[in-house]
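Protein chains: 2
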Amino acid sequence: MSETQKRTELYELGEFKLIDRLTEPFAPKQQETLKGVGDDAAVISCGKGECLVVTTDLLLEGIHFDLTYTPLKHLGYKAIVVNLSDVSAMNATPKQVTVSIGVSKRFCVEDLDELYSGIKLACDSYNVDLVGGDTSSSMTGMTISVTAIGSAKEDEIVYRSGAKVNDLICVTGNLGGAYMGLQLLEREKRIFLSNKAAKPKLEGYDYILERFLKPEVRRNVIENLRKAGVKPTSMIDVSDGLSSELLHICKNSNVGCRIYMDKIPIDEQTARMAEEFNIDMFTAALNGGEDYELLFTVPLSEYQVVDSMENVRVIGHIVEPHLGAYMIPPSGEDIRITAQGWNALQKE
Amino acid sequence: MSETQKRTELYELGEFKLIDRLTEPFAPKQQETLKGVGDDAAVISCGKGECLVVTTDLLLEGIHFDLTYTPLKHLGYKAIVVNLSDVSAMNATPKQVTVSIGVSKRFCVEDLDELYSGIKLACDSYNVDLVGGDTSSSMTGMTISVTAIGSAKEDEIVYRSGAKVNDLICVTGNLGGAYMGLQLLEREKRIFLSNKAAKPKLEGYDYILERFLKPEVRRNVIENLRKAGVKPTSMIDVSDGLSSELLHICKNSNVGCRIYMDKIPIDEQTARMAEEFNIDMFTAALNGGEDYELLFTVPLSEYQVVDSMENVRVIGHIVEPHLGAYMIPPSGEDIRITAQGWNALQKE
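In the order they appear, the protein sequences are chains A and B. Residues in the first sequence are numbered from 1 upward in steps of one, following this note's numbering. Residues in the second sequence are numbered from 349 upward in steps of one, following this note's numbering.
Derived by calculation from the structure, the hints in this document are not laboratory data. This structure is a prediction, so every number in the text was calculated from the model and none was measured. Glycine included, each C-beta is placed from N, C-alpha and C at the ideal position. Take these hints with a grain of salt, some might be off.
[Unchecked claim] Capping the alpha-carbon separation at 20 Å, the derived lysine to aspartate or glutamate pairs in DMTMM-like fashion look like this:
hint: 1; chain 1: A; residue 1: K48; chain 2: B; residue 2: E502
hint: 2; chain 1: A; residue 1: K120; chain 2: A; residue 2: E110
hint: 3; chain 1: B; residue 1: K468; chain 2: A; residue 2: E110
hint: 4; chain 1: A; residue 1: K73; chain 2: B; residue 2: E502
[As the list claims (entries may be wrong)] Okay, the calculated beta carbon distance ranges per label pair:
hint: 5; chain 1: B; residue 1: K544; chain 2: A; residue 2: K6; range: 34 to 44 Å
hint: 6; chain 1: A; residue 1: I335; chain 2: B; residue 2: P548; range: 58 to 68 Å
hint: 7; chain 1: A; residue 1: K201; chain 2: B; residue 2: E502; range: 41 to 51 Å
hint: 8; chain 1: A; residue 1: K105; chain 2: B; residue 2: L469; range: 52 to 62 Å
hint: 9; chain 1: A; residue 1: K227; chain 2: B; residue 2: E398; range: 51 to 61 Å
[Claimed, not checked] Chain B is nowhere near these chain A residues, computed Cβ spacing over 12 Å in every case:
hint: 10; residue: K6
hint: 11; residue: E9
hint: 12; residue: L22
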């Protein structure tokens, strides 16, 4: 490379700016493309008010998963679920997946049987079809690429961009558990690596381990909202952490937000593990990521419906854009929400 | 791993048997899934006779591409084209792609600009939209995963399974060029590695280099067939080599075939390079792969239409299944067609 050629490292831009830079020249040309880059999934019109949504995720060994503590069956299950989560965040119903894998000679046929048993379990559990893929050797490690397809009527689709001032901000389940499960697994891995005779101490933390290793999609909330006749004004899945997702909704909807610290749902195991690690549990909830809960907004008029709905918590409301995005603690100063979520393009 | 646990190496099964084993338990359950695993692309019904087709390809550095002699812009272009080729082989029109990339710290932002300039060129050239993807760091090398989506009416879709006895076998363009282009690049790489001052000798071989580095999809043949009112009875794209693709059609259609050696289209540069390498040019055409031509069958009654069509050559015909798959040389014994195409799960 000549000295005059500029070299900008990937971490200098970060994931979101890099995506913006790379995809900016690609304005959709096809009339069927209702939504391209920039939401949980792309939306493609099939005509007559019917749509398909399409989303894809690339999972790389050593970056997204560690096979030291991730059973292959769980990995297969999770690889499907994280994509169905994106489909669900568009308010669409997942229908099909494709799975491509690249595997080094370290892996044998029986390993792939394990991986695919998890993929099968997820497909059965969420009633989706495996319809294609690609299988290849790789130089090192394992690569998994999943694409998920869902269907919805065009007027059912929920984007990140529809939140309105005074809308209620809701989140499903609880947050921070997957992150604390990961911390626990990482600690036990370190102990094991320094003393191979050590047995991992995981008792009493089944829930947060499951949150990390075997996440689920809140399909029942999507269905309950539909039954109740409530269409969210905006929705996103919590893959990078609550902060990051809230800022996506604020940016795409051109609004601000207020969330209340004491409303953020945190499981007891998450809180206990956070204390053991001397991590603030709200930090885990806001920035941990991988919870695959749904974050959505509904009109204020739907308060009673969402407030009484199972696995849904109202955590705040949408405000005018100039008021910014803040978290309100029980006492003391408001805390500005900043995205410290998962950065897929780390320096180290 | 305990000694009782069986370990079967991936190369013992090979790609096709492995795919069969892994995907066998996944019978489609959704009524919208018209075709799952087992063709160039999956077919999803959108209702009212409209369909989408979906295909995906995983490209791994060191396995599918070598950046020593593949410019990033060409790689981006080719990554899109190989997927549009699969969409086209279903007789569908490509409309959208998603592109996921994993890149190590070896790559900088400007490298990705180059890669995406090739992706953009292919999207513009084939009038498709980039609608999504995923961007991540990787531990080593570059990973590219592309999913392509196309549209077609349900009755326009062409599967691998529709070839009938007496149908004509046709192929577009010419074969073996991409393989000989690759051999040339590999030779010059070896020379360069043993003497860094050596300049690559590529003059006079532009065509086969372009065949390898910048393949195209024969959209004009698809369009000419449509204009002529000819719907192929079966179709597949030539990615693994003519032999392998012929056997796919024979197996899926439950037929045999006869192709005539002297009808196989081979470019003059391919023939010249094959001679230089002491490789039989028919071996390159039959087993080389990566030509991305279309192989299809039409009823015998369409002979005049296809025989006079630009970039189409009739190379043989379909026979009863018990007659097997053979190539007929100008003289001597018939040669049984066996698949020696690209094996993505090599032992070495």
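So, going through the hints one by one against the coordinates:
Of the pairs offered as hints, the one joining K48(A) and E502(B) holds, with about 16 Å between alpha carbons and a cut-off of 20 Å not exceeded. For the suggested pair K120(A) and E110(A), the alpha carbons sit about 15 Å apart, so the restraint of at most 20 Å is met. The suggested pairing of K468(B) with E110(A) is violated, with an alpha-carbon distance near 40 Å, which exceeds 20 Å. The hinted pair formed by K73(A) and E502(B) fails the criterion: a straight-line CA distance of about 36 Å is larger than 20 Å.
Checked against the given bound of 34 to 44 Å, the beta carbons of K544(B) and K6(A), roughly 25 Å apart, lie outside it. Roughly 59 Å separates the CB atoms of I335(A) and P548(B), a value that falls within the hinted 58 to 68 Å. Range check, K201(A) to E502(B): Cβ separation about 57 Å, and the 41 to 51 Å hint is violated. Between K105(A) and L469(B), the C-beta spacing of about 35 Å breaks the proposed range 52 to 62 Å.
At roughly 29 Å, the beta-carbon separation of K227(A) and E398(B) lies outside the given 51 to 61 Å, and the hint is violated. Remark: the non-interface label on K6(A) conflicts with the geometry, its nearest Cβ contact in chain B lying 6 Å away (cut-off 12 Å). Distance to chain B contradicts E9(A) as a non-interface residue, since its nearest Cβ pair spans about 6 Å, not more than 12 Å. Look at L22(A): its CB is around 5 Å from the nearest CB on chain B, not clear of 12 Å, so calling it non-interface is violated.
In this structure, the earlier hints numbered 3, 4, 5, 7, 8, 9, 10, 11 and 12 are contradicted, and the remaining ones agree with it.
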